[in-house]
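Make one complex out of these two single chains by using the hints.
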Amino acid sequence: MASTNTAKAFVEFERVQKSYDGETLVVKDLNLSIGKGEFLTMLGPSGSGKTTCLMMLAGFETATHGEIRLDGKEINNIPPHKRGIGMVFQNYALFPHMTVAENLAFPLEVRKIGKSEREKKIARALDMVQMGDFGGRRPAQLSGGQQQRIALARALVFEPELVLMDEPLGALDKQLRETLQFEITKLAHDLGITVVYVTHDQTEALTMSDRVAVFDDGRIQQLAAPDELYERPQNSFVAQFIGENNTLDGRIKELTGTTCVVELESGEEIDAVPVNVSNVGDRTLVSIRPERVEINPDLGPTAHTLNAEVLEFIYMGDVFRTRLRVAGRDDFIVKTRNRADQVRLTPGQKVKIGWLPEDCRALDA
Amino acid sequence: MGLPPYATTGQKIWHYSYLVICGLIFFFLIAPILTIIPLSFNAENFFTFTPGMLSFDPDAYSLKHYEDFFTNPNWQQALWNSVKIAPVATLLSVALGTLAAVGLSQSHVPFRRAIMAIMISPMIVPLIISAAGMYFFYSRIGLQGTYLGVVLAHAALGIPFVIITVTATLVGFDRSLTRASANMGAGPVRTFFRIQMPLIMPGVISGGLFAFITSFDEVVVVLFVGSAGQKTLPWQMFIGLREQISPTILAVATLLVVISIGLLTTVEILRRRSERLRGMSPG
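If you read the sequences in order, they're chains U and B.
Start counting the first sequence at 3; every next residue gets the next number (the working numbering).
Start counting the second sequence at 3; every next residue gets the next number (the working numbering).
Keep in mind the hints are simulated off the structure, nothing from the lab.
Even glycine gets a Cβ: it sits at the ideal position worked out from N, Cα and C.
Chain B residues, not near chain U, derived (Cβ > 10 angstroms throughout):
no. : residue
1   : 22
2   : 26
3   : 27
4   : 33
5   : 51
6   : 65
7   : 66
8   : 94
9   : 134
10  : 138
11  : 219
12  : 225
13  : 241
14  : 247
15  : 258
16  : 273
Covered stretches of chain B (in silico footprint by chain U; criterion: 3 or more residues with CB under 8 angstroms from a CB of chain U, positions within the stretch not fixed):
no. : segment
17  : 177-185
18  : 197-204
If you want the ones that stay clear, here's a sample from chain U, every Cβ over 12 angstroms from chain B, calculated:
no. : residue
19  : 19
20  : 129
21  : 133
22  : 251
23  : 257
24  : 267
25  : 284
26  : 321
27  : 350
28  : 352
If we strip away everything but chain B, and leave its shape as in the complex, we get (with noise of 0.2 angstroms):
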């Protein structure tokens, strides 16, 4: 990072106004969320900072609203459909997305160009037409209002980042080691699941990861396609903002904040282990 010692002047105002660049788009980007924390744990139902809050006065502090969030029977529902539709949710993205980026990925495959456009089209088109879309379409197959539906719709929009992660994965991929493996008597599928499978997991596990967290906070999709018995977290912190402006929201989005972290790490962890495990970095 530092500057070598030929730096011209014009260099070293560059690299410092560079720094100071980087130090506010990372302010920009955080500060919204770190505010949020402190004030889950305000004693009053307000969304700002008490005088008390200010001078550090442990009254003004409570956990009342993360006892509301784990005893309102709203939010544990809400709570309850999420931990039901995002796993699904990701397990279908990930089986249909990975399926799909291998196929995609061979060239003999015709027009692979134009079918992964139109799979990786939810990532593009704004969510609210998708969402729209599914509305009509889901009503008239009598999907809509049910958990299937949610479902379908959240892995339809995770495939995209399944797909993408996976390719990713797949073009530093030997084709020369399938080529063994059948070579020495293995079959397509057990090829697929000892060799192509282990070696692409970083990819599948990232994608997995994105397919996770766009189920976990959607809310314009699950409005359209879902019914109040699929109302999931996010949709109840949409109601909460809009109508009772409760400080409750500020304490699930702080779980939400430490969740999202939690999986990043385990996954980053994972993702670390496997690459070892591939031999791409010394182990």
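Pulled out of the complex, with its shape left as it was, chain U reads as follows (with noise of 0.2 angstroms):
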């Protein structure tokens, strides 16, 4: 796990702000550091302000106000030539007109190491993604998965100690997404390399990185690492980008510091720990992951069930789905495991559904 003392921070943005109009904020008061060889994943919605962000780190955009830092140095205002930054773009941006190999030699080039030398690099960075036999094809004659192994091996062959990638494998199917999620971090990991990944896919995210910063609204709403964001998440914005959820509106009823009693709308009454609440009477979004939540449950005499209606049974191998009506919602999915003893349930049957206090999270509405 990566450091996340400021003092050794590797990447920073400091109070930074964006405005393309100059009315309104597209990032708003970011604050940020990664540390040296993490892999930080920038997550959110569309318009949310990612990929301004990343691009203010290339040096693409520039901050409308506050201060980036790149290993303790200001770089607001360095061109992103002299940056030093690799990069990766969505659509792989490799130049037409040049082969592989050519495409390789040019940040190389640049930097003006001999013709050797830069062979001895281009083969090593084709080798790192398995493309070594690619070298005098032109993009063109490439598939999408292999352009852009192309442009991840171009974005590593100078040896950047810090990698953007933007969206790099939003245009490629599942399965490659797959193998190509896999390996990223394995490259990243192995090469020590520090790198900002931007997606839309929380999946994505969560298998990736050692933390995800969650973007909406051009603001950071909570930076941790994958298994933090998806267990305890921070607002219910988080609660619901990450993973499925299931969501019930309802008032504090009972505040005791590290559990708290929710009234449903339908005058029930359930479990919860207190996230951002703060006071008896709130209105609160409570939240429960669909996979977390018990059917006709077993949990003592003092823990609250609640009534439930199937509505739907569905069949997906590994797991069951199942609909439930539960306080007057008809969305609520409980998610079970395929064992042996599991029970399937019938369309129509009552059930009671339970769950661990601390599985239910109550957030602001």
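Below you can see the structure in the form of structure tokens.
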């Protein structure tokens, strides 16, 4: 796990703001420090400001306010071609009039590296992405996945310490994406480079990153390791954006520090962990992951349970997905593993559902 | 081109009249050019087909007009002037026009539409007006009647063609390529020559060809801006028509047609080649 110690931060955003038109802020007060060797993903819906942040770091956009530092030095006023940052673009941006080898030679020629040294580095970079035999091809003769591998090799060939990736796998099919996700993560760790990765795909963010910064509305909503983000979302946006999530509306009825009781709109009560609610009587959105819900639970005498009616039962192979009507809502999903002893529910069946209080989080409404 | 089997009578009639119209248009465009070619081999000093030519009598044909062109010092001087003026004017047009197109394609340039309109105006303003304007302006600054003056005037006429063709190529240019280049450490100048220039080459070449033909064919502006020392081929042809009506003009015209076809073919081959390099068509 990468260091979050600001003294050792490699990339720092300090109070960075960005506005394109001078009126609305696309990025609002961004503070972020990324450790050396860390794989950090900026995740968010489109228009959340994540790509703008990446472009400011690359130098293609200028920050309206604030300071961006790389390895302790302010880089706001350094043009992109002097920053020495590698980048993989969404559409690959391979030079179509050059062969693969010429594409890779380009950053090395710029750095005035001799021919023999250059060829060695190119061969090594191509081998790294398993494209060793493709040096003589032109980009148009390669498939999308191969082009992306070349783009990756080109970003790494001049051995930058920081590599930016702007939704590099967005245009590829699912299987290829998963293979490349794994390869990129492995390469990044093997080479010890720092990666800032932008994506709107939450699975990609969770599987690849050391830490994920969830962006919305120009702000980081939560910055945490994937497991933390998934299991302990700090607000309802993060809870709903990351993974599948059940939400129920209600009001805080009792609040005792680490636990609270929420009264739902149906009048039923459940236990939850208060996250960003502060007063009894506040409106709240409680969130429970579908796989943490238990059907006909045995949770002890004090636990609250809810009445539910099965609406739909979907067999998905490894899991069963059951849609329930709970507290007046009919989109409550429960996921259960396909075990030999697992009950298969039938539509119309009445059941009780419950969960451990720590799996249920009371968030802002 | 064939008609689908479900075509109605109306569609069939339209289809065949369409073919006839196309044929007429091509005839209208090409017939005058095709007529001058046999006429340029006329053994007589006439602009018409002699009975001997119509009966394919070999004696009715000769190369004497071509001989006149290659030996007459007036024609040779004119050819030499054209050859001195057109390539230089073309180079100027290409360099300035390409730079202008690249600059004006950037969205942050203020008044880019207005600037573009001014640059393209030589193409739209009637030639005689440009020519007269240039005459008065160049007289004031001592360029009238000089080689440099004619070159500059022709370059101004050629620039709009280069701007238009290069701008059209830039529309399809992927901006992330220049970003990628900068990201890899290349400064703006290197990025322009190594990345942008090779990719917009087809547009630059076509623009350059138009600029060359404009200069090579131009007679109005050179009459105003030039003096006897800058007498170009079109100028000499104009004099020839007015003063001596010599079929040598037809020989020159035939040569110019051949040169034009040769140039167009070369440029098309170059353009296809660089499009293939660009990865736009399978190589």
